[in-house]
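Asker: As a plain string of letters, each chain reads:
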Amino acid sequence: MTAAAGGGLAGYALRRLLLAVPVLFGVSLLVFGVMHLAPGDPAAIMLGAQATREDVERLRRDLGLDQPLVVQYGRWLGRVARGDLGRSIPLGREVLPEVLLRFRATLILTGGALVVAVSVGVVAGVLSATRQHTWIDKLSMGLAVTGVSLPVFWTGIMLILVFSLWLRWFPSAGMASPYGSGPLDVLWHLTLPALTLGTASAAALARMTRSSVLEIVRQDYVRSARAKGLAEGAVIVRHVLKNAVNPIVTVLGIQVGFLLGGAILTETVFSWPGLGSMMVRAIQARDYPLVQGGVLLIAATFVVVNLVVDLLYAVFDPRIGYE
Amino acid sequence: MSRWTGITVAVVMLLILASGSAAAPPKDAIVVGLVAEPVTMDPPQITDLNSTRVIKRIFEGLTAQELGTYKIVPGLAKSWEISRDGLTYTFRLRDNVRFHDGTPLTAEAVKFCFDRQLNEQGPYYKTGTYPYVKGFLGNVAGVQAVDPSTVRITLKSPLTPFLQYLAHHSLYVYSPEALKKHGKDIVKHPVGTGAFKLETWEPGVKVVLARNDQYWGGAPKIRQAIYVPIIEAQARLAAITTGEIDLTMDVPPDSLDRLRQDPNVVVAETNSSAVWYVTLNTRHPILKDRRVRQALNYAVNKEAIIRDILRGTAITAHSPMSPVYGPFYEPQVARYPYDPDRARALLREAGHPGGFELTFLVPESGSGMQSPVEMGTVIQANLAAVGVRAKIQTLEWGAYLKKYLEGPDMAQMSWNPSIGDPDHMMYMLLSSDRFPPAFNAGFFQHARVDDLLRRGRTTIDDKARIPLYREAQKIVAEEAPWIFVDHGKQVIIHRKRVQGFTLHPNFDLVLTPVSLQ
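Line order of the protein sequences matches chains A and B.
Residue 1400 in our numbering sits at position 220 of the first sequence, with consecutive numbering throughout.
Residue 182 in our numbering sits at position 148 of the second sequence, with consecutive numbering throughout.
Bound conformation, chain A alone (with noise of 0.2 Å):
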């Protein structure tokens, strides 16, 4: 498990970077092929009934759509190679500001619910671990399989009828008040949304936690620390989670993912600006580098957090090591 030379977890992170420029391609030709092999044409999409056939075939020639697929897709690829993703059809700017722009929102609301899931999740997990058969194991865990079961944008609509219809403690929509604005805003905003997306995913974390951390618990170490006087707080923060994390982390990995797909439903349901929401419309208007570029995106952030997961377990147990 030495760190050959030359290697170490740079080389390691490195590679694994160069490893995704493949993976990238794959999902270039495949956004591609699926987007422009769906029937609908954005230039027809977007005049609607009212245009006449040579408004349709004139927009398509100044799209570019009348040309063969594959030269399409060589100059998307060539622009793409140069760092220009090109302009969405129907908004008329540039996709790639556009696009970072819409993936900052994605990010403060997977955030926030990344909060919601670990703070929720790992505790209610830990809890119920250590109360084995009580009431609060018996009651969280039936709260975590509620939980995985609710889709997001029930739980949605549910939170805005009794917290921002009934009580109104929070909006309804948007990450931010028509007039005036502040990070305490945008939390204010944030938080029925983070709550709705993080919910299934705190249940999943919380599930996890508890078996990881029961498995854990049994160790003969965990019982040396117990005898030798540690507090039970000590001896579950220190020994207990610091032994259990790994699992836990490869979960929240995968559940990063999800939560960047649940995002597209949670925003949709919240008017929240951000990736999914956008990408939604886009698909409706058939809006090809529009898709095609936050695709990409999506798809290099799954690269990265992955990478980072497999990079974070060394930090947790030293005993790994990359090459």
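To be clear, the hints were calculated from the coordinates, so they are not data collected in a lab.
Quantities reported herein were computed from a predicted structural model and do not represent experimental measurements.
Glycine is no exception: its CB is placed at the ideal position from the N, C-alpha and C atoms.
There may be inaccurate statements among the hints.
Quick list of the computed label-pair ranges, beta carbon to beta carbon [as the list claims (entries may be wrong)]:
{"#": "1", "chain 1": "A", "residue 1": "1219", "chain 2": "B", "residue 2": "407", "range": "13 to 23 Å"}
{"#": "2", "chain 1": "A", "residue 1": "1214", "chain 2": "B", "residue 2": "108", "range": "45 to 55 Å"}
{"#": "3", "chain 1": "B", "residue 1": "305", "chain 2": "A", "residue 2": "1338", "range": "30 to 40 Å"}
{"#": "4", "chain 1": "B", "residue 1": "430", "chain 2": "A", "residue 2": "1312", "range": "30 to 40 Å"}
{"#": "5", "chain 1": "B", "residue 1": "103", "chain 2": "A", "residue 2": "1206", "range": "50 to 60 Å"}
{"#": "6", "chain 1": "B", "residue 1": "415", "chain 2": "A", "residue 2": "1262", "range": "51 to 61 Å"}
{"#": "7", "chain 1": "B", "residue 1": "160", "chain 2": "A", "residue 2": "1262", "range": "17 to 27 Å"}
Assemble chain B onto chain A, guided by the hints.
Answerer: Just chain B now, with coordinates in the frame of chain A:
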């Protein structure tokens, strides 16, 4: 530790809640909850309703529609003359009108805007895509700046709806200097002459327009118009109920009764020119028989659809045109009240006593399509009751539009004309000049109707046009090329504090006369 965590969480929550309650609506800014944010702010590139609802505050055309009707009134042109042959239109521009960037409105500016779209070799042609060129400018032979305040437009052939075309957003006038400066990025830098100008646009978050104090028609009463996109109908309902927004549309129809009881909001509704129908393929071996098409019209219970699915937000359609068209509307047409026995009798007469089978295209959702799946299911059940087995095929909107133009047996469609001329309804949908890929998807062809509609678009005198369209409606109702279902109402919900709001038939949200309490 857990106690401190608890206290910290509580303090943060309180702060967050407090920050929310601090955001009270300002006295002179209206917040409008749109179904989606504007797509682009370059008038000739706009193809969607949400964008027009915003940019019509910023830009104007040579002509305009009188608020609340389709009547053409002066816009940036204070007057015009039409030559006797209907080919030359001479417009006098208003004096002392300036764009928001301070440059003056001139005949050259008008010519610049039209030439940008018309002249493919022009220097600014490549700054955009122009969806409506053929439709609205295709008949224009040339634009001439006679003097700084006179524009002359020459047509290739007489076309009466042209004055209405000039009130369409794709022919609005914008600052040439702004286009020269921003190029392709003009889509986010609108510079017009309207009562409001763009202040900020945070994509996905909000569009803020500020009052144009130099507006030629007098500055509006409200200082700011803020547009926020709220995608979910349920969320729009919540936001208007709590007062987060002042005005919105398209809330779930089920909630309308409750909203009407709410003392804090006003439900404003009016008939529109939109029509929702089922196209019947008149080339289909069975549907080509007029009696069969009439039978299908008798078989469908439109009143039940309007009452139970649309919750009263529509009126029954008897022909393509709704009463909104005023003198052009013909009420005395053949009608098809719900009558399954009559439908069965007609089918027997046509030689189909045992009924027959059809494919029925239904979109999952779509622009102006109301509740397509629910409505399709009711229509299917109604048809089954008279022996017609309609097999529903459901498609996503983008795929649907393509399939719609490939000659389906029967298919749902709705039409919400963007200009107020009857030509834009009747000719566009029912003339044999408009077979697919244009939108006469049922291949309806009737020599007399074709003649009436062609004459209608070239006759200059409005009074002489009226009988042409009224006769065309009578024939179309009798021929039943569609199942006529409903004309959707325009429903806008606003808070009580919004005063002086008037609905406009083309679904625009006009803010100039609005004040806030």
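Asker: For every hint, state whether the structure bears it out.
Answerer: Verification of the supplied hints:
no., hint, result
1, A:1219 / B:407: 13 to 23 Å, "19 Å, holds"
2, A:1214 / B:108: 45 to 55 Å, "51 Å, holds"
3, B:305 / A:1338: 30 to 40 Å, "36 Å, holds"
4, B:430 / A:1312: 30 to 40 Å, "48 Å, violated"
5, B:103 / A:1206: 50 to 60 Å, "57 Å, holds"
6, B:415 / A:1262: 51 to 61 Å, "57 Å, holds"
7, B:160 / A:1262: 17 to 27 Å, "20 Å, holds"
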